[in-house]
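Q: Going letter by letter, the sequence shown gives residues 131 to 353 in the numbering used here.
No lab work stands behind these hints: they were computed from the structure.
From the three backbone atoms N, C-alpha and C, an ideal C-beta is built for every residue, glycine too.
Don't take every hint at face value.
Restraint ranges, calculated between C-beta atoms of paired labels, are given here [to be verified]:
(1) A317 - D339: 15 to 21 Å
(2) N205 - L351: 24 to 30 Å
(3) T316 - P132: 25 to 31 Å
(4) E295 - H335: 20 to 26 Å
(5) P145 - A302: 42 to 48 Å
(6) E182 - E350: 21 to 27 Å
(7) S331 - F307: 20 to 26 Å
(8) G353 - R195: 34 to 40 Å
Here are the simulated EDC-like pairs of lysine to aspartate or glutamate, each with C-alpha atoms no more than 16 Å apart in a straight line [unchecked claim]:
(9) K193 - D136
(10) K199 - E214
(11) K288 - E334
(12) K306 - D247
(13) K250 - D262
(14) K142 - D230
(15) K346 - D294
(16) K142 - E182
(17) K306 - E334
(18) K250 - D159
(19) K143 - D230
(20) K341 - E330
(21) K199 - D136
(22) K346 - D230
(23) K341 - D230
(24) K250 - E214
(25) K199 - E144
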Amino acid sequence: MPYIRDRAFVLKKEPVNEHDRRYVLYGRDHGLLMAVARGASLRSSKQAGHLEPFTEAEIMIAKGRVWDKLAVARNVFDNGAGYEPLRALGALSVMGAFCDLLISLTRPGICDARVFDLLKDTRRACACMEKDASSIRAGFVFSGSALKLLDLLGYAPKSDEAFDEDVQKLVAFTRKFPLSDTLRITAASAVFTAFSNFVESSLEHTSLDKKPHGFKTVAELVG
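Using the sequences and the accompanying hints, generate a full structural model.
A: Written as C-alpha cells, this is what we have:
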C-alpha cells in the first residue's frame, strides 16, 4: 500500500460516521489532501488532538481504493508562526473563511509551497489580530489573504481597477508585505471597504461556481 508523507496545514474536519472524521489538509509537497482518520471522534483517539483545524502536522496517509486513510499525525509547533490557539471570534472567522476559499479554488494533485506559506502567514496575522478587532479590520485581513491567494493561483487582478489612489496603495502594500504587517495600517473605513469590494469583485473572474461566503460571514460574525 503506497504512502504519502508531508507537512500539512489542517483546513477542515467533518464527521464521516459515528466514530470517523474526514480531514481536508494542504500539504507543502502534495497540495490539497483529503483523508479519513478512523476513530478520530472517540475520546480515546490519539490522532484527533494532532489534527485540529488551523494547525500544522507531520502526516502519513495510506492511499486507499475509496478513501485515503490518515495513518500518522503529529503536531508541529512553530513558535515563530503565531501558533497560540485562536480564540477570538474575528480570528476564527477569518481563518475559517480563508480555508473554505482555498478549498474552493484549489484541486488535489496541484501543489504550490507558496500557498502553504500563505496559510501560515494568514494564521500568523489572525493570531496577531486584536481580540476586539472590528468587522472592517477582520474583513480587511480576509480580503488581503484572498488577494494574495488570487495572485498565487494566476488570477491576479489589476490594481488600477481599484481606481481610488488610496485603495491602489493598499493593494500594493498588501501584495508586497506579510499579512501581519498590514495590521499596522491605518486608513479611513471607506478605504478598507473599497479594498474588500475590489477583491470580492475580482473573485468573479475565477473558476468558482458560486459566490464565496467569506466576506458576508466575517462581517456578520464580527459585526
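Q: Next, verify each hint and record whether it holds.
A: Consistency of the hints with the structure:
1. A317 - D339: 15 to 21 Å: violated, 33 Å
2. N205 - L351: 24 to 30 Å: Because 27 Å falls inside the window, the suggested range holds.
3. T316 - P132: 25 to 31 Å: violated, 52 Å
4. E295 - H335: 20 to 26 Å: holds, 23 Å
5. P145 - A302: 42 to 48 Å: For A302 against P145, whose Cβ atoms are near 43 Å apart, the range 42 to 48 Å holds.
6. E182 - E350: 21 to 27 Å: Taking Cβ atoms as reference, E182 and E350 lie about 24 Å apart, which means the hint holds.
7. S331 - F307: 20 to 26 Å: holds, 23 Å
8. G353 - R195: 34 to 40 Å: About 46 Å separates the Cβ atoms of G353 and R195, which means 34 to 40 Å is violated.
9. K193 - D136: holds, 13 Å
10. K199 - E214: violated, 28 Å
11. K288 - E334: OK: K288 and E334 at ~14 Å, within 16 Å.
12. K306 - D247: holds, 14 Å
13. K250 - D262: Violated: K250 and D262 sit about 22 Å apart, past 16 Å.
14. K142 - D230: Holds, because 8 Å separates the two Cα atoms, which is no more than 16 Å.
15. K346 - D294: Distance of about 23 Å is beyond 16 Å: violated.
16. K142 - E182: Roughly 8 Å separates the two Cα atoms, so the pair holds.
17. K306 - E334: violated, 23 Å
18. K250 - D159: holds, 15 Å
19. K143 - D230: holds, 11 Å
20. K341 - E330: It holds: about 9 Å lies between the C-alpha atoms, which stays within 16 Å.
21. K199 - D136: The hint holds at about 14 Å.
22. K346 - D230: holds, 13 Å
23. K341 - D230: Cα-Cα ~12 Å, so holds.
24. K250 - E214: At roughly 12 Å apart (the allowed maximum being 16 Å), E214 and K250 satisfy the hint.
25. K199 - E144: holds, 14 Å
The structure fails hints 1, 3, 8, 10, 13, 15, 17 (numbered hints given earlier, in ascending order).
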